[in-house]
Structures are given as structure tokens and as C-alpha cells.
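Following the hints, complete the assembly by docking chain B onto the known chain A.
2 protein chains.
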Amino acid sequence: MFEQLAIIGCGLMGGSFALALKRAGLVKRVVGYSKSPTTTARAHQMGVIDVEAASALEAVAGSDIVLIAVPVAATEATFKTIQPLVTPEMLIMDVGSTKRDVVDAARRALREKVGSFVPAHPIAGKEVSGVEHSDVDLYQGRQLILTPIERTQARQLQQAVDVWTALGSRVVKMSPESHDAAFAAVSHLPHLISFAFMNAIAGQPQGQDYLSLAGPGFRDFSRIAASDAKVWRDIMMSNREELLAQTKIFQLNLQAIELMIASGNSEALEGLIDQASLARSHWRMVQQQK
Amino acid sequence: MFEQLAIIGCGLMGGSFALALKRAGLVKRVVGYSKSPTTTARAHQMGVIDVEAASALEAVAGSDIVLIAVPVAATEATFKTIQPLVTPEMLIMDVGSTKRDVVDAARRALREKVGSFVPAHPIAGKEVSGVEHSDVDLYQGRQLILTPIERTQARQLQQAVDVWTALGSRVVKMSPESHDAAFAAVSHLPHLISFAFMNAIAGQPQGQDYLSLAGPGFRDFSRIAASDAKVWRDIMMSNREELLAQTKIFQLNLQAIELMIASGNSEALEGLIDQASLARSHWRMVQQQK
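Going line by line, the protein sequences match chains A and B. For the first sequence, my numbering begins at 1 and goes up steadily by one. For the second sequence, my numbering begins at 1 and goes up steadily by one.
Bear in mind the hints are in silico, worked out from the structure with no lab data behind them. Ideal placement from N, C-alpha and C gives every residue a C-beta, glycine not left out. There may be inaccurate statements among the hints.
To give an idea of the chain A side of the interface with chain B (calculated C-beta under 8 Å), a few residues [as the list claims (entries may be wrong)]:
| # | residue |
| --- | --- |
| 1 | Met-90 |
| 2 | Phe-250 |
| 3 | Ala-279 |
Distance ranges between label pairs, derived from CB positions [said to hold, decoys possible]:
| # | chain 1 | residue 1 | chain 2 | residue 2 | range |
| --- | --- | --- | --- | --- | --- |
| 4 | B | Ser-55 | A | Gln-140 | 50 to 60 Å |
| 5 | B | Gly-203 | A | Ser-266 | 30 to 40 Å |
| 6 | B | Leu-244 | A | Arg-107 | 42 to 52 Å |
| 7 | A | Arg-111 | B | Gln-287 | 54 to 64 Å |
| 8 | B | Glu-267 | A | Arg-111 | 29 to 39 Å |
| 9 | B | Ala-166 | A | Gly-25 | 47 to 57 Å |
| 10 | A | Ala-166 | B | Ala-166 | 51 to 61 Å |
| 11 | A | Ser-263 | B | Gly-25 | 43 to 53 Å |
| 12 | A | Gly-203 | B | Ser-36 | 42 to 52 Å |
| 13 | A | Gln-140 | B | Ala-245 | 39 to 49 Å |
| 14 | A | Asp-104 | B | Lys-248 | 18 to 28 Å |
Okay, chain A solo, but in the shape it has when bound (with noise of 0.2 Å):
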């Protein structure tokens, strides 16, 4: 049980982050934070937050777990911020889609105090942002990723494993490096891909007498292309480098494909397309028990 939550960026994260810890009663009171002083106060009037603090250091005064919602590229900003008043009982977590850059920003910022922090990802989101789509049930059946260092407290590493699993996540842990690893080929890339296709068809002279007839594989496949744009430039820029290399193997297979479509070798296009499809046949994503 928690005395007071401190939630910086108070988005679709941050709020359903509030929501679900309140909801299960481990929690007295919520603090929050945003740039945008409308933003902090419309999740005051949506009851998601229950005091507006003027500034990220006045957030964290007082709170014993705070987390860090804001852009990755903001992430290491905000941790200066609120360096002075981190304590050593102090939970903080994230939930960047990168791990790597946050955990070098929270050693630089943060300093002799970075063991208070433990970088966590959970694989949850929408397409849709902001603090009004915020939903209680975001991180129930999900997974979520902790990536501890060697100066992660041990205490402080327990309690995000119990709080998240209260909230219903499967915690898994992992180094920051496998972390981006991963994520780069089953989150980033088709992030990428989905953003390059919409404005290959967009950009075509009938591109919206095409999308007028699109159908349900289109809107599935293409929903992840709506995602906010600041929030995926700061994810990409963060994990370049595994990126370009999942990038590169996409490209491969896919010239593969092209190659058999193209000399018209049917037996091996319908060998790739099987290969395709039973991989993802196979495919169950990981939820948690009830």
C-alpha cells in the first residue's frame, strides 16, 4: 500500500496507471503532472489524479512511487527535475517502449540515487492517446517487461514486480539490451512498416479512391499507423540501431517474396507465404492466468 502516486505526463499510461492502482486499493492519493497545465487539470476533473502539482519536483514531493509517463525523449529531463527529492524508499518506474537510453539517462540523471528506479515497459497500449482515453483495465492479462541493472535496489525491484502484478501484468525480466532487441523486430518494425505503407498508399494520386474500398485486413493491419507521432519519432531515434538492422531483414524477405513473384515460381512464393502463415498460426500472445 502506497501513501501517494505521483504520475509525470498524465497521458493514456499515466492515467490508466492511476485508474488501475486505485482501483485496487493500493493507493491513498494521486498526484499528477503535465506540461500542459489543461492536460494535469483535465485529469483532475476526470478524477484520474486527485491534486495537480505545478511542477514534476512538486509531484514527487512526498509521493513514495512515482511514474514517469512522458515521451522517451523527455524521459531524462524529468529525471533531472526530480533528482533532489528522490529518497532511497522512493519507487520510481517508466513505461518507455525503449530501455536502453532511459536506463543511461536515469544513471546520468539521476546519479547516486539511480537505484530507486526500476525501468519497466508494459505491452500495453492504443493508437489512440491523452488522458481521456485512459482504461482501468490497460494493464490487466498484459505483459509487462522490468529491465533492472546491477543497481536496482532489490526492495524497490519487488514492489514494481507486486504492483504490477496486482494490476493483473505478467512481469517478466530482462536486460535493457535483450529488451530492445526484442522490441525492435516485434514492436518498432512494424511501427516503421505500418507508417511507410500508409503514406505509400496516401500518397498516390488515387490513394483515397483506393482506402475507400479498404477492408477489414486493411484497418487490422494498418491500425497501429494512427500512433502519435512524437511518442514513435522518440521511440525510433532511441533504438535506431536495432531498428535499421530488423528493418534490413524485413527488406530481405520481403525482395524474396518479390523475387519468386516476379519469375513466377509459384511452388516457392506459396513455400514462403506457408512459412508465413504457420509461423503466425503458431502464434498465441502471452496473457495472464486468472
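Here is chain B on its own, set in the frame of chain A:
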């Protein structure tokens, strides 16, 4: 009201059409034929068809409406088989995802009887196939493209419009050429990409570990990669020129984003993502008004 519907190819598309036509009270009797007798028998057991035919020709005998729902590559052979029993009053339709090749096949195989054929493409489907997945609501609220040619008889064209409208589909007419260009972009390209993507991930040494971490974004993006290999082999081969043109445009757009990432041009990257995100956010799937 039709006397007898012949379903040639008792799979997801044919089975769903039979169920929907029966529920709408538009047909008295359904005769079915599949290449595999066990499939025909299963369709019978499930009540999707009333009578099992031993051949496509036998199914067509005495039918006033015929739906050919076989893989695209088998369409011409089916036309040839049934040609002797095609009458000027009969309405024949297909459900193929490509239309130029089907129209060419119909001209060659049906010859002077080609006017009874109305090429059709329902924008509906599932990533699973087989008659056991038949769904009476599959076509409800979906678009249905008809691509008549100059020799298509007006009476049959009107019947086709009426039948699909009665099933809840929104009927759109266009040329086979426009159809194939549009669906190369919004359907065949996303399938090609999703197959290449799955192969790229699953083919890596740590692919299975990566896949175990994938979440809802991956799930939706890759759903169509589970599609049937034979069906998609045929579609891609049939529409290869349009598809290869689309995949080139896609790769140029992908490489533009890659270049912004590699060169660290964060502002231009955000611009490209924002463009994609806006295009996708504004898109709405056309659905039949109730």
C-alpha cells in the same frame, strides 16, 4: 427468389454465401461441390448445403444461381467444366480477389455464354479458411465489388446487385482494371508485407523469444499473415504487375523513413510519421448503412 443455388467450392466464402442466402429466404435448395468429397460431405452435415454433387457440372444442372468460390487459379478450369450447362438465364458469380484474370478466364472458357457471368469480389474474409468457419453474417455491412464487362447481361448484373444488397452488402461497380489496381494497394500489398514480416521475425535465431513478447499491436498488424498460402499464391501471381508496382512504392516510402532515422533527422522523421498517422486516423471503413 431462386430455385437452386450451386456452390462450387464449399469453403468459408461459399459456405457463408449459402447460409446467408438461405436465411434471407432467397433460395429453396443449395447444391454443393468441392474437389474433396469429405469437404462436400462436411458442408452437407453442417447444413450449409442440402445436396452433395459429384461434380461441378452436376451442381450447375438445374441451378439458376451459381457461386464459384474456388482458388483463383482453379477458376478457368471450373468455367470450362460447367460451360455446357450454362444457360442465358443463369446468374454465375465468383468471389475472387483479382478480377482481370477471372474476366479473361471467363471469356476464354464460357465463350458466347460469358454474359451470364458477373464478376464479384466481397471485401470480407477471415484469416481462417474452410467451410467449418462459415459465417452467416460474413457479408453483412461489407463492400461488394462487381466488375461487369461490356458483354455482361443487364439482367444478371441487376440480379447480382439485388442479391448482395439483400445480404447487407454495399455494392460498388468498377472496371476489372480499376479493381485490381486498388486491391493491389489496399489488400495484396499488406498481405505481402505481413508474410515477409513474419518470415523476417520467425527466421531469426531469437525469433521465438521475440515472438513470446509480442503484444496487441503485433497481433493486429500480423493477423493477415495467417492467411491461406494457396489462395494468396494465386492472388499474387494473378495480380503480379500491380502488386510489384505497389511494393516498389512501399519500399521507397520505407527507405525514406529509414534515411531519416539513420541520419538522425528527428524533425523530418516526425513529419513522415505524422503524415501516416493523420492519414490512418482519418480513414473509416465504408460500411452498409442499416
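Next item on the list: Hints the structure violates: just list their numbers, smallest first.
Entry: 1, 5, 14
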